[in-house]
Amino acid sequence: MKNLGLLPRIAIAIVLGIALGYVAPMWLGQLCATFNAIYSQFLGFMIPMIIVGFVVPAIADIGARAGRMLIITALLAYAFTIMSGLISYLTGAALFPGLISGDTSLAVVEHETVKLEPWFTVEMPPLMGVTTSLVLSFVLGLGIAFSEGSALKRGMDEFRDIVSKTINTAVIPLLPIYIFGIFLCMTVEGEVGMVLKSFIKIIGVIFVLHVFVLVLQYCIAAPFARRNPFVMLRTMLPAYFTALGTQSSAATIPVTLRQAIKMGVREDVAGFVIPLCATIHLSGSTLKIVACALAIMIMHNQPYDLGMFLHFIMMLGITMVAAPGIPGGAIMAALGVLQSILGFDQETLALMIALYIAMDSFGTACNVTGDGSIAAIVDRVS
Numbered sequence: 001m002k003n004l005g006l007l008p009r010i011a012i013a014i015v016l017g018i019a020l021g022y023v024a025p026m027w028l029g030q031l032c033a034t035f036n037a038i039y040s041q042f043l044g045f046m047i048p049m050i051i052v053g054f055v056v057p058a059i060a061d062i063g064a065r066a067g068r069m070l071i072i073t074a075l076l077a078y079a080f081t082i083m084s085g086l087i088s089y090l091t092g093a094a095l096f097p098g099l100i101s102g103d104t105s106l107a108v109v110e111h112e113t114v115k116l117e118p119w120f121t122v123e124m125p126p127l128m129g130v131t132t133s134l135v136l137s138f139v140l141g142l143g144i145a146f147s148e149g150s151a152l153k154r155g156m157d158e159f160r161d162i163v164s165k166t167i168n169t170a171v172i173p174l175l176p177i178y179i180f181g182i183f184l185c186m187t188v189e190g191e192v193g194m195v196l197k198s199f200i201k202i203i204g205v206i207f208v209l210h211v212f213v214l215v216l217q218y219c220i221a222a223p224f225a226r227r228n229p230f231v232m233l234r235t236m237l238p239a240y241f242t243a244l245g246t247q248s249s250a251a252t253i254p255v256t257l258r259q260a261i262k263m264g265v266r267e268d269v270a271g272f273v274i275p276l277c278a279t280i281h282l283s284g285s286t287l288k289i290v291a292c293a294l295a296i297m298i299m300h301n302q303p304y305d306l307g308m309f310l311h312f313i314m315m316l317g318i319t320m321v322a323a324p325g326i327p328g329g330a331i332m333a334a335l336g337v338l339q340s341i342l343g344f345d346q347e348t349l350a351l352m353i354a355l356y357i358a359m360d361s362f363g364t365a366c367n368v369t370g371d372g373s374i375a376a377i378v379d380r381v382s
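Numbering (the numbering used here), first residue to last: 1 to 382.
Take the hints with a grain of salt, since some may be wrong.
[Unchecked claim] Restraint ranges, calculated between C-beta atoms of paired labels, are given here:
#1 L136 / D305: 45 to 53 Å
#2 R68 / V15: 32 to 40 Å
#3 P8 / R266: 51 to 59 Å
#4 I12 / V208: 26 to 34 Å
#5 E267 / I177: 45 to 53 Å
#6 W119 / I71: 48 to 56 Å
#7 F241 / P8: 27 to 35 Å
#8 L16 / A93: 30 to 38 Å
#9 P118 / K262: 54 to 62 Å
#10 I71 / T121: 44 to 52 Å
In case anyone wonders, no lab produced these hints; they're calculated from the structure.
We treat Cβ as the ideally placed atom computed from N, Cα and C, and that holds for glycine.
Let the hints inform the model, and build the full structure from the sequences given.
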């Protein structure tokens, strides 16, 4: 199993969870529920630490390199990310109720079945709330950037390394077991059929949205670059397919950089914009998270008004900055705002993780391919 990537392990966990859920004795379901309860407590404890550990160094690094080109790049990346999230929400609000309406509501299913209860759990209250950790991250990040505090900067870099090591050695390795338990329990409780049936349709919509967002980004960049947007997009396709395989924006930087220069972006501009956008431009990831979150809320008959999701999208664009350099890092950084703004509980957070990682490579590919459009605009403006 160690030789398999995270996505194959998640896929195996989902298949096994569903298959065993139909024949599992009650004690196995309760055992999985107990593990999930303890794991979710640990995950909740880690959420504020993930936010502080990754957002503070990211803001400090960006602030330390403040300049006209940086400000333009950051604003464009954030604007494209917000635009992608809004497109995802508006499309989902229009289409998802019709796609899901033929299925039984999860709220009804949950009411009609007996919930598996854990034998025990271990309370691990987080050190602070999500909003507190976000405010603290901004204060510390901006303070380090403008005061040039090298000692505190080194301390926060080391804290980020500790959080990253914890994610890589504890959170991610146990994640397939957690997902296995979630799908086994859902199968026992009779929810899994509706979830799978609904999300097959949702995944198709998300893929079409990825293509639409990329075409839109290059249509916006084309007047600045004075080039055909579809020729520009075709030039960036090697970066898209590389990201599909690597599932990492950072690992795709050399290919993205080469293709951006081939597209006509000046080498010095591309060398600045592309590595920066690998951490701050997350259109594809935002699109996926918003669509999956909206679908889950519709399935649970929860309200999903525009104001709530606009708040969620704006905070999401910030919290995912410099997300851990691991597959699925963006969803880990997004757990806090999913919980605090949309009110997701541990079960729905686990479902979000599974759905996001199942489509991780497509979101990453959309992110890095869109970096070329930002580079083209910055090249012209600068």
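Status of each hint after checking the structure:
1. L136 / D305: 45 to 53 Å: violated (29 Å)
2. R68 / V15: 32 to 40 Å: Because 51 Å falls outside the window, the suggested range is violated.
3. P8 / R266: 51 to 59 Å: violated (40 Å)
4. I12 / V208: 26 to 34 Å: holds (28 Å)
5. E267 / I177: 45 to 53 Å: holds (47 Å)
6. W119 / I71: 48 to 56 Å: At roughly 54 Å between Cβ atoms, I71 and W119 fall inside 48 to 56 Å, so the hint holds.
7. F241 / P8: 27 to 35 Å: This hint is violated: roughly 19 Å between Cβ atoms.
8. L16 / A93: 30 to 38 Å: Check passed, 34 Å falls within 30 to 38 Å.
9. P118 / K262: 54 to 62 Å: holds (55 Å)
10. I71 / T121: 44 to 52 Å: Given range 44 to 52 Å: holds, Cβ gap about 47 Å.
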